Amino acid sequence: MTGEKRKSRRLRVLLSAAVVLLSLGFLQRLLSPKYSTELIEGGLIREYYGEEKDHDLIFIGDCEVYENFSPKVLWEEYGINSYIRGSAQQLIWQSYYLLEDTLRYETPDAVVFNVLAMQYNEPQREAYNRMTLEGMRWSGSKVRSILASMTEEEHFLDYVFPLLRYHSRWSQLKAEDAAYLLKTRPVSHNGYTMRLDVRPAENVPEGRILPDYRFGDRAWSYLEKIRLLCQEKGVELVLVKAPSLYPYWYPQWEEQIEDYARENGLLYLNFLEMGEETGIDYSRDTYDAGLHLNLYGAEKLSRCFGRILQEQLGLEDRRGEAALAARWQEKCAAYEADKQAWLASLSEENA
Amino acid sequence: MLFTSYEFIGFLLLLFLLYYLLPGRHQWKLLLGASWLFYLSAGPGMILYLLAVTAAVYLAARRIGAIGAAHSAYMAQHRAELSREERRALKDAAKKRQRRVLLAALLLDLGILAVVKYTNFAISNLNSLLHLFRGKGQLSLWNIALPMGISFYTFQALSYLIDVYRGVVEPERDFFRFALFTSFFPQLVQGPISRYKDLSETLWGEHPFHGPTVARGLQRVLWGYFKKLVIADRMLVAVNALIRNSGQYTGAYVFAGMLFYALELYADFTGGIDVTIGVAEALGIRVRENFLRPYFSKSIKEYWRRWHISMGTWFTDYVFYPVSVCKPMLRLNKFARAHLGEKLGKRLPVYLSSFAVWLATGIWHGASWNFVAWGLGNWAVIMLSQELEPLYGRFHRRFQVAGKSWFKLFQVVRTVLLMSALRLFDCYRDVPLTFRMFGSLFTVRNWAVFFDGSLLNLGLAPMDFTILGLGLLLLTGVSLLQRKGSVRDRIAVLPYPLRFVLWFGLFLAVLLMGAYGIGYDESQFIYNQF
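So the protein lines, in turn, are chains R and D. Mapping the first sequence onto the numbering used here, position 129 (from 1) lands on 129, and the numbers just tick up by one. Mapping the second sequence onto the numbering used here, position 407 (from 1) lands on 1407, and the numbers just tick up by one.
Hints may be right or wrong, so weigh each one.
Claimed, not checked - Simulated DEER-style distance windows between Cβ atoms: (1) D:1174 x R:20: 52 to 60 Å; (2) R:49 x D:1009: 30 to 38 Å; (3) D:1245 x R:20: 50 to 58 Å; (4) D:1009 x R:307: 51 to 59 Å.
It is worth saying that the hints were derived from the structure and are not from the lab. Nothing here was measured: the structure is a model prediction, and the numbers come from that model. In this text, a Cβ means the ideal position worked out from N, Cα and C, and glycines have one as well.
Could you build all of it, start to finish, from the sequences and the hints given here?
This is how it looks when you write it as structure tokens:
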């Protein structure tokens, strides 16, 4: 083969490989869910990486953290710079690996973990796994989190190449997929997702009888891992049970968490039992009959929690830091704008 | 390890890499290791059956070879001293000893196959008999797993053994080389049932890397995946809906099911064989074709010469001919000619031999009565067609239809419909139910389901039907082109950009339209179950 021919063949191979890779990359981007206007919960985890990472407080947990606590209130009223690393049905090992991931970037003063996730001892649903795991940046923590979370029907390779998972989504593409093909849209306020509608909590169902109230071994082992990781990094761990009325929080579960917190000297707050302090009114402060708080409830809860954090953990008021305050000014403006947009849409609905 | 799993693709990539890095003389050893590893992935215990069949056939063939060699050596030395009768007596004695070894190995290997595959079938039938005669006892079924591909590798090994006995091939000396013949992984789970003389031409040879050959093999693999993932596994959804809800889907739905299953089975089985032949080709090994556009056949007889060719020829060579010329059959032939007349007397042994072949074919496909009924159904149709041939001939001459395109098309459609109807036994897996469902074709008047959108309730969206329609068009187009030679050869001479677009387009079609991953039932190839 002449040198000319060899050169032309090499060029052909390179060009073909480039076309293949670009096409596959484009298809992967196009077919993967964008989580920008629909199912925004899937976009929560990725947002963290665009943040300045000097938080005092990090929340980890499921919807009971990202719907119930408002970092904006914690900043405005106590000068606490916080971020929520939560996602829908975030399992305890996912919270652990997210914490591990977070601590690669920063070391906050305290970490708040919502204990409802203790109820799950096994991987649950692929859709929720996706929403939590896809947004994580690739790291050892992400790999371990995927391996710990996969249901039987899932495959690790589908996480490495999401195109394999979403290959048939081409028949369900929507305007969002084109609009957010190359960009993303902020979906939260430091991890908090806002709702302003109201649906009072009436007839909250009692919990059904369980055959066994003990938390599973796996859940316990990850709680212990969270505790040890915080201890190793010198981070204060706070356990909370958010004031969601449902899923039902059993007294037997409460007892086990109380014992664990006592044995390990951790601060544990069950906000379900702190109605007077939080002032939550379940006829106004929830948007889905008690499962999650709306903005009014979240702000009340955050006000109460911020006070406790300052009193008991002595978190510093950082409102005097000019650069940080400037950042928060922008964040608060976005928060207010979002709130006004919500109010406008609600009044439109009521009109 | 399913052919359609990521693990298999990873396994192949690693194997190709190592295979072409190794010196050629060691390549077959790597293939043997890879084949055993592939088999081990089905469960550690399963490989024992494969090794047992391999060892038994290897030793038996060696023994048969040794007897033959000893006889030849003796004859070479003593031929001059022996009379013709003595030579014949010695030859017969040697053959007899060889036959004993052959029979022992056949008994052992077919015994293993019978035990693992047919024991529960036998127990179920015994229990039914006990129940019929109001017996109180019931035998428990065995908890025994069917080893992957046992029917294929047993038949392949036995074909070698019989060929050694017949003197067609020399016994293999090296156990491990022979072990590769029985366990070559691409064809281990669903065939084809290769013959030793075919596979041995390339199996142990040195295969230096040759880009165009590897690319050709991979193109065939891609085409196989297209058939399996885009067509067969998509069609499977509707087929399952129709079969699992047989009470609801009668009449025209049965007709739809017949056609859907015909397409699914064809795409599934030929797709799997394409993957098999393609993988072997990419490794430099030639595996014979197993299909020759069977749906273009104009009769059932022709269809069976073009569908699962390796199985058909196996039964012809190792069941039909031996049964036809065995002593009892020759006696029957003589008796029938004397008592039933020359015409019928001549045919009777053929019918009986065919009956044995189709009974065995049915049973080979599965240990249940529906497969027996399916096999015998094929036999009945073939025999009937044969009997009616003179009548057909007169009809063809009278109306001058032979050779006319429309008549050929009619014959092709007739064959497809007939085969599809027989496959209802395979679909419903229950003989009385199959007859009821087939009967409903004529009693339930719901043919409007083909036009009123009812077929969209079978789990397939309009887009799925569109993909299936386009896939069917592509399959038909490729088959038509194949009549004039290899389609890959034709593509290979096109300008590079066009070739690239064609093959990358096919890859994207599999990637984007393939029924795989979450949301689809992972389904193994239908013939893996045999």
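Do the hints match the structure? See the list:
1. Between residue 1174 of chain D and residue 20 of chain R the beta carbon distance is about 42 Å. The supplied range of 52 to 60 Å is therefore violated.
2. A hinted range of 30 to 38 Å for the beta carbons of residue 49 of chain R and residue 1009 of chain D is consistent with their spacing of about 32 Å.
3. For residue 1245 of chain D and residue 20 of chain R, the hinted distance range of 50 to 58 Å is not satisfied, since their beta carbons lie about 43 Å from each other.
4. For residue 1009 of chain D and residue 307 of chain R, the Cβ-Cβ distance of about 58 Å falls inside the hinted range of 51 to 59 Å, so the restraint holds.
When each numbered hint is compared with the structure, violations occur for hints 1, 3.
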